[in-house]
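Make a model of the complete structure from these sequences and hints.
Top line first, the protein sequences correspond to chains Y and D. The C-terminal position of the first sequence is numbered 508 in the working numbering, with every residue numbered one higher than the one before it. The C-terminal position of the second sequence is numbered 258 in the working numbering, with every residue numbered one higher than the one before it.
Simulated from the structure, these hints should not be mistaken for laboratory data. Cβ atoms here follow ideal geometry from the backbone N, Cα and C, with glycine treated the same way. Please note that a few of the clues may not be correct.
[Claimed, not checked] Listed next, with one range per pair, are the computed distances between beta-carbon atoms: (1) V109/Y with R240/D: 16 to 24 Å; (2) G482/Y with A224/D: 30 to 38 Å; (3) L113/Y with A226/D: 31 to 39 Å; (4) N250/D with R169/Y: 23 to 31 Å; (5) G463/Y with Q225/D: 42 to 50 Å; (6) E507/Y with G209/D: 44 to 52 Å; (7) S255/Y with S227/D: 50 to 58 Å; (8) R142/Y with G209/D: 50 to 58 Å; (9) L113/Y with R129/D: 34 to 42 Å; (10) L113/Y with E229/D: 26 to 34 Å.
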Amino acid sequence: MGMTIVEKILAAHAGLDRVVPGQLIEARVDRVLANDITAPIAIREFRQAGASRVFDPQRIILVPDHFAPNKDIASAEQCRLLREFAREQQLANYFEVGRMGIEHALLPEQGLVLPGEIIIGADSHTCTHGALGAFATGVGSTDVAAAMIAGELWFKVPETMRFMFSGELRPWVSGKDLILYIIGDIGVDGALYRAMEFGGDAIDRLSMDGRLTMANMAIEAGGKCGIFATDAVTESYLKGRTAQAWKPVAADADAGYCCVKHYRCADIEPQVAFPHSPDNTRPVSAVGTVPIHQAVIGSCTNGRIEDLRTAAAVLKGRTTAPGVRLIVFPATQAIYLQALREGLLETFIEAEAVVSTPTCGPCLGGHMGILARGETAIATTNRNFVGRMGHPGSFVYLANPAVTAASAVLGRIGSPDEL
Amino acid sequence: MRYTGKVWKFGDNINTDEIIPARYLNTSDPAELARHCMEDADPDFPDKVRPGDIIVAGQNFGCGSSREHAPIALKAAGVACVIAGSFARIFYRNAFNMGLPILECPGAAGRIAEGDTVTVELDSGRIILAQASGELAAQPIPPFMRSLIDAGGLMNYVKKKTIR
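Rendered as structure tokens:
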């Protein structure tokens, strides 16, 4: 029997001809990522282990993105730890505020993710990078400390689930809706301990930004990673971003999957996940009347240029409803600049949105848009757990950028078709 | 290793934002994190929990973010062991790496009530129910994970291998 994409990547990095699900391996890692929340613990573990040098300063990536620009003194101290460690270890990829972006938008943009690589990150949304055909998975800070020292880490080879989408996407449907649809179908532990491989003719036509959104939320189904085969979309995305050679990745025709799901895009409307779980999904037409106080467009899930273009297309010539605060946060400086040049920021500001510097801030209730008790937000982010964006008595609904923008104008959750 | 403790019950899909809300992640100080442990699932938990207590939960415990602050907070709050039907995988790794004992036991939430005193044997995976009313068998800890524990955790394992 052949191997899935993930099995091939893991085998190659473990120096083995083949691996099978359930097998425990030690594999080389190509990139090790951490942020201002998780790196401080990793750095502490690194020092406590008596280590003096990272295994390769080119392969460690530190991004202060969660509570940066520093939101308070404690956060400033955490960011300083990263900065000093990066200087001491002469890390090639430390991204200071001004160059910084949300890590999972930044790495692909900077050409730091290549097909066939293993990327580990002390951030659960590290699975985003599977959009480029890498095996990318979230780990804890101690795993990052170990990998910074050894350049390798242990893994259990996961079973792979395959998700096939066929047909044309309906209006306003994007990668966000496809992944929410899957999560609504299989549940927040539906892919626990497993890899999620996406395919089908609709996926072949999906943009890289859409694929990044889908892989990003694999973790919301419990998945170990989300992954796509490489194709012309991958090739065109990587062109000009990396000078390094890379090889295409694809599953063998006779690869073994623990399950294969088939979805028809004709059945899939824009999706809205109700509080307090990403699997609590409904089509936008079945939402009913849900008034909102805040709308948030951005994050590692939906803060890329395609997302901002979609939101701006909905908001053009319109203004936010009275009583609604609209917060837009482009995911990287490059996306911010591109949005500026395309006039998207002008559209947002004319619509009475505020536009924030790149940060994870509002998505995890960190800063830049915290919810008060009893408030409701719609957000293009990835989690709507209790207290996720602020007070434990607040409510978060997840949706795509078009629905979120339309809801800001309507003052309640709704579709752009209602405008 | 054998632990006897009083049980606090939680449901399915207890996520890391409930275990330690992100608003407290501007520090990694265990004592500070312990003061807010489980607060969004049960605001009184930090005051109620006593050293040696045991958490029993349903499926997918620890889902959500990769924050190691979650097992750190539980450990610092004095939780001796977490028994759940299943664990989210990053939390599972982190718990082993941090030395927080965890056991996977699909039947536990149905058989154990809040306030029960149970005894857990980590090596055998045996869970002895309140008033010796019965026993449950948890999933045995895989041999590789055992070798990590025997080495004194992941960092010691790595240290032995790489730092000479």
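| task | With 34 to 42 Å as the target window, see if L113/Y and R129/D comply at their CB atoms. | result | holds (37 Å)
| Whether the CB-CB distance between G463/Y and Q225/D falls inside 42 to 50 Å | Holds: the Cβ-Cβ distance is about 44 Å, inside 42 to 50 Å.
| request: Look at the Cβ atoms of S255/Y and S227/D and judge whether their distance stays inside 50 to 58 Å. | output: Between S255/Y and S227/D, where Cβ atoms are some 53 Å apart, the hint holds.
| field | Range hint compliance [Cβ, L113/Y to E229/D, 26 to 34 Å] | value | holds (29 Å)
| task | Starting from the hint 23 to 31 Å, judge whether the C-beta atoms of N250/D and R169/Y obey it. | result | Distance hint for N250/D, R169/Y holds at roughly 28 Å.
| task | Could you see if the CB distance from V109/Y to R240/D stays within 16 to 24 Å? | result | Holds - the Cβ-Cβ distance for V109/Y and R240/D, about 21 Å, lies within 16 to 24 Å.
| message | Against the range 31 to 39 Å, how does the distance between the Cβ atoms of L113/Y and A226/D compare: consistent or not? | response | With Cβ atoms ~36 Å apart, the hint holds.
| query | Is 44 to 52 Å a correct range for the gap between the Cβ atoms of E507/Y and G209/D? | reply | holds (51 Å)
| field | Cβ separation of R142/Y and G209/D, checked against the hinted range 50 to 58 Å | value | holds (51 Å)
| field | A224/D and G482/Y - C-beta distance against the hinted 30 to 38 Å | value | holds (34 Å)
The structure meets every hint from the earlier list without exception.
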